[in-house]
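**Student:** Next come the chains, spelled out residue by residue.
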Amino acid sequence: MSAAINSPVEPTTPVGKAADYLDQRTKIGVLTKQLVRKVFPDHWSFMLGEIALFSFVVLIFSGFFLTMFFEPSMELTEYHGEHPAQLHGQLMSVAFASTVEMSWDVRGGLLMRQMHHWSALVFVASMVVHMMRVFFTGAFRKPRELNWLVGTALLILGLAAGFTGYSLPDDVLSGNGLRITDGVVKSIPVVGSYMSYFIFGGEFPGEHIIPRLFTLHILVVPALILALIGVHLFLMVLNKHTQYPGGGRTDKNVVGVPAVPVFATKMVGNFFIVFGVLALMGGTMAINNVWNYGPYDPSLVSAGAQPDWYMLFLEGSLRLMPGQGTEWVIFGYTLSLNVLIPAVVIPGLLFTFLFVYPFLEAKVTGDHREHHVLDRPRNRPVRTGLGVAFLTAFIILAVAGSNDLIATHFVMSLNLITWVLRVLFFVGPVFAFWVTKRICLGLQRKDRELVLHGHETGRIVRFANGEYIEVHRPVDEQERWIRVSYDAHRPLEIAPATDARGVRRKGYRSDRRWQRISRFFYEDRVEPVTPAELAAAHAHGEHDEIEAQRGTPELVSGSASGEREH
Amino acid sequence: MKALAARRHHRAAPVVLLLLALLVTGGVYAVLAPSPATADTASVEDIETGYKLFQANCATCHGPNAEGTSQAPSLVGVGAASVDFQVSTGRMPMQMNGPQADDKPRQMNEEQTAALAAYVASLGPGPAIPTEEQVDASKGDPSSGARLFWTNCAMCHNAVGAGGALSEGKWAPELHDVSERNIYNAMVTGPQSMPVFNDANITPEEKRDIIAYIVEQRDGSAGGLTLGSLGPVSEGIWTWVVGMVLLIGAAVWIGAKSS
Numbered sequence: 001m002s003a004a005i006n007s008p009v010e011p012t013t014p015v016g017k018a019a020d021y022l023d024q025r026t027k028i029g030v031l032t033k034q035l036v037r038k039v040f041p042d043h044w045s046f047m048l049g050e051i052a053l054f055s056f057v058v059l060i061f062s063g064f065f066l067t068m069f070f071e072p073s074m075e076l077t078e079y080h081g082e083h084p085a086q087l088h089g090q091l092m093s094v095a096f097a098s099t100v101e102m103s104w105d106v107r108g109g110l111l112m113r114q115m116h117h118w119s120a121l122v123f124v125a126s127m128v129v130h131m132m133r134v135f136f137t138g139a140f141r142k143p144r145e146l147n148w149l150v151g152t153a154l155l156i157l158g159l160a161a162g163f164t165g166y167s168l169p170d171d172v173l174s175g176n177g178l179r180i181t182d183g184v185v186k187s188i189p190v191v192g193s194y195m196s197y198f199i200f201g202g203e204f205p206g207e208h209i210i211p212r213l214f215t216l217h218i219l220v221v222p223a224l225i226l227a228l229i230g231v232h233l234f235l236m237v238l239n240k241h242t243q244y245p246g247g248g249r250t251d252k253n254v255v256g257v258p259a260v261p262v263f264a265t266k267m268v269g270n271f272f273i274v275f276g277v278l279a280l281m282g283g284t285m286a287i288n289n290v291w292n293y294g295p296y297d298p299s300l301v302s303a304g305a306q307p308d309w310y311m312l313f314l315e316g317s318l319r320l321m322p323g324q325g326t327e328w329v330i331f332g333y334t335l336s337l338n339v340l341i342p343a344v345v346i347p348g349l350l351f352t353f354l355f356v357y358p359f360l361e362a363k364v365t366g367d368h369r370e371h372h373v374l375d376r377p378r379n380r381p382v383r384t385g386l387g388v389a390f391l392t393a394f395i396i397l398a399v400a401g402s403n404d405l406i407a408t409h410f411v412m413s414l415n416l417i418t419w420v421l422r423v424l425f426f427v428g429p430v431f432a433f434w435v436t437k438r439i440c441l442g443l444q445r446k447d448r449e450l451v452l453h454g455h456e457t458g459r460i461v462r463f464a465n466g467e468y469i470e471v472h473r474p475v476d477e478q479e480r481w482i483r484v485s486y487d488a489h490r491p492l493e494i495a496p497a498t499d500a501r502g503v504r505r506k507g508y509r510s511d512r513r514w515q516r517i518s519r520f521f522y523e524d525r526v527e528p529v530t531p532a533e534l535a536a537a538h539a540h541g542e543h544d545e546i547e548a549q550r551g552t553p554e555l556v557s558g559s560a561s562g563e564r565e566h
Numbered sequence: 567m568k569a570l571a572a573r574r575h576h577r578a579a580p581v582v583l584l585l586l587a588l589l590v591t592g593g594v595y596a597v598l599a600p601s602p603a604t605a606d607t608a609s610v611e612d613i614e615t616g617y618k619l620f621q622a623n624c625a626t627c628h629g630p631n632a633e634g635t636s637q638a639p640s641l642v643g644v645g646a647a648s649v650d651f652q653v654s655t656g657r658m659p660m661q662m663n664g665p666q667a668d669d670k671p672r673q674m675n676e677e678q679t680a681a682l683a684a685y686v687a688s689l690g691p692g693p694a695i696p697t698e699e700q701v702d703a704s705k706g707d708p709s710s711g712a713r714l715f716w717t718n719c720a721m722c723h724n725a726v727g728a729g730g731a732l733s734e735g736k737w738a739p740e741l742h743d744v745s746e747r748n749i750y751n752a753m754v755t756g757p758q759s760m761p762v763f764n765d766a767n768i769t770p771e772e773k774r775d776i777i778a779y780i781v782e783q784r785d786g787s788a789g790g791l792t793l794g795s796l797g798p799v800s801e802g803i804w805t806w807v808v809g810m811v812l813l814i815g816a817a818v819w820i821g822a823k824s825s
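Those sequence lines, one after another, are chains H and V. Counting along the first sequence from 1, when you hit position 215 you're at 215 in my numbering, and nothing is skipped either side. Add 566 to a position in the second sequence, counting from 1, and you land on the number used in my numbering.
Same shape as in the complex, but just chain H (with noise of 0.2 Å):
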């Protein structure tokens, strides 16, 4: 063969030969080589998003499995099978009965429903806390905002999917989740009665709701979820994983570890972890015994109903708004508000939220730059206070959520918790708020001071003069690169309101109030420490060094309280 000349190595093995008989016929090493060579950032917060991923993943194979066993029909039966004992004899729907049959007849069909509906909860808390994690770390910023809207979009279908397939078993407990849909519909003004009718095909409960749940849970909510989850991994790759400040690290580069081997290594190991912890939850610990809430009636609902943890907020949010003189009659037609303003409004305003953060930042801060390297929450006080006053409201809400458990195990009047946390729910994300921007300014403080002046010894020196000092230790240059290298932004700066000939400038009033919101972003800022700053404080601090140096006889040394600015 004349390929030795055109192709010197030739493939022995026969993994070898095949990826060449498919390289020839595809040019798939041209694209493997790429990203084999991708270079990741390296650190524990960077698997979060994986932790959701692969939480994804389990769910897919869970749901096929139960999708074999679960018949989504609202036809009457009765149960005949011979466990439980507490269902014998009773009517009930088809999609109820397949759900505790699944259960109880079919061979590791409890293990599935459970690791399923486990599964989900964990995937829906690890994309809140990967979620968490670019928001204070401020990788939502240039180019990744579009990034954090799909990733947005991704949370509100996780939330979507948990819905819809709570509902599916028709138990008491997804029958009371239904009603309560049905009933936040309808409060919406004009179209509410229309849209219940729509959705349920009639009155609620209706036959037709359970099917077309089932629809959209197997299969419009995943296929929008693992296309987006596409675009999602696909826009990452394509603008480059964010990495932590540090040393050499800078908005051009990317400091990290080769795809493959190390990687994809960790990758396929936090894949079992994941796997493995969700087996052990869906095999050791039991959730959703529907047989245990009996087969939907409308008439029925138990103590402790609630929905799953990532829709509590929504249920405290019901549970804390006044009732009474919150229902108005206009002309003959109901406004609710005691629904609307908690259901509707209230997850409105907080997604909205969600939405428009990276924006309304990029304005407040007038920065067009691209940014690869992420903030230290604390650079950033008033994005971190922020973020902490929004999971404040959050858990607020969910706790309202669970008023009744609060109740009784610790004891406390139900009717007083309610009215503690309606205050709390105002009070709270404000004094969240300053109190996490205080604490993060705090901090950017305590970093100038260890910059300009190093570690604390607690190696306390008397001079002969009777002056005491603390010896500092200088800190190193990649303490220092970090704690220096941020910007501290100021408020906008906006052209004045009339132009040189006096006329009022267009276009003034609206720069007037984006400066407002700019200096509640950046009035309270602490500054970096400059070079000359640095220079300065070294000229100072080797003077005291030398003084201490010039063989006075230590007197104290040892841990001490007493320190001294120097």
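Don't take every hint at face value.
Calculated pairs, DMTMM-like style, for lysine to aspartate or glutamate (alpha carbon to alpha carbon, straight line, at most 25 Å) [said to hold, decoys possible]:
1) H/252 / H/477
2) V/705 / H/477
3) H/437 / H/467
4) V/705 / H/82
DEER-style ranges, computed between Cβ atoms [to be verified]:
5) H/78 / V/669: 31 to 41 Å
6) V/638 / H/426: 35 to 45 Å
7) H/426 / V/702: 51 to 61 Å
8) V/699 / H/426: 57 to 67 Å
9) V/784 / H/145: 53 to 63 Å
10) V/791 / H/355: 34 to 44 Å
11) V/756 / H/426: 38 to 48 Å
12) H/179 / V/669: 31 to 41 Å
13) H/20 / V/819: 33 to 43 Å
These stretches of chain H come out as covered by chain V in the derived footprint (C-beta under 8 Å, 3 or more residues) [claimed, not checked]:
14) 32-45
15) 76-90
16) 121-128
17) 263-272
18) 285-295
19) 300-313
20) 400-410
Please keep in mind that the hints were generated in silico from the structure rather than gathered at the bench. Because the structure is a prediction, the values reported are computed rather than measured. Just so you know, even glycine gets a beta-carbon here, dropped at the ideal spot from N, CA and C.
Assemble the complex: chain H is given as a structure, and chain V must be docked to it using the hints.
**Tutor:** Just chain V now, kept in the frame of chain H:
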């Protein structure tokens, strides 16, 4: 026979026959009618003892003749079942005022409880303590019990009897550790915030079905740890405490390995 036949027109015969008929009816009734257990066994001495115990432990709040005061209700007509429930679960005598009397280690032993029950039952007719057979879970139908429980009890006590909150610091207790007899007692007497489920409302057989359902729940869950059977909130908490802590911990571990 002839002698009997000859006297059938005796003018005392109707009276004798009537007496005989009454005797038979009464006898049959006495044998067949559900008899309140304590009413049968309660002796005069029991009532005496109960009266003394009552004066020493209960009269301060319930009044010297159990007629009730501004602080505590009258006990005339509450029946032996009510006393049996309140005293054997330790709710009475009450330790302190609060939204609701909580159960605690019982203050009276079996005999004292029975004596107190006998005394209170002697004040006026009321629900009796159920018989062993009435509360035998193995004779009940858990499926019928489940339906009844979900319809009548679950809104306060949770779908499997794990308990729930009521207004202003009151609560519906969890039922896993409540004895079968006291579940029955509670249904017929409606202690504290609980409504009365009398025999017209839920028949004694149905009450036994309910007990059968509750007893079945004591076996735990086929799915593993029940996590308190509290529903999605506890599942959510464990998602974070077990699932997310393990997974984030693993991520930190993997991330720490090389860098």
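**Student:** With reference to the structure, classify each hint as holding or not holding.
**Tutor:** Each hint tested on the structure:
no.	hint	result
1	H/252 / H/477	20 Å, holds
2	V/705 / H/477	80 Å, violated
3	H/437 / H/467	37 Å, violated
4	V/705 / H/82	18 Å, holds
5	H/78 / V/669: 31 to 41 Å	39 Å, holds
6	V/638 / H/426: 35 to 45 Å	42 Å, holds
7	H/426 / V/702: 51 to 61 Å	55 Å, holds
8	V/699 / H/426: 57 to 67 Å	58 Å, holds
9	V/784 / H/145: 53 to 63 Å	55 Å, holds
10	V/791 / H/355: 34 to 44 Å	39 Å, holds
11	V/756 / H/426: 38 to 48 Å	40 Å, holds
12	H/179 / V/669: 31 to 41 Å	34 Å, holds
13	H/20 / V/819: 33 to 43 Å	38 Å, holds
14	32-45	holds (count 4)
15	76-90	holds (count 8)
16	121-128	holds (count 4)
17	263-272	holds (count 3)
18	285-295	holds (count 8)
19	300-313	holds (count 12)
20	400-410	holds (count 7)
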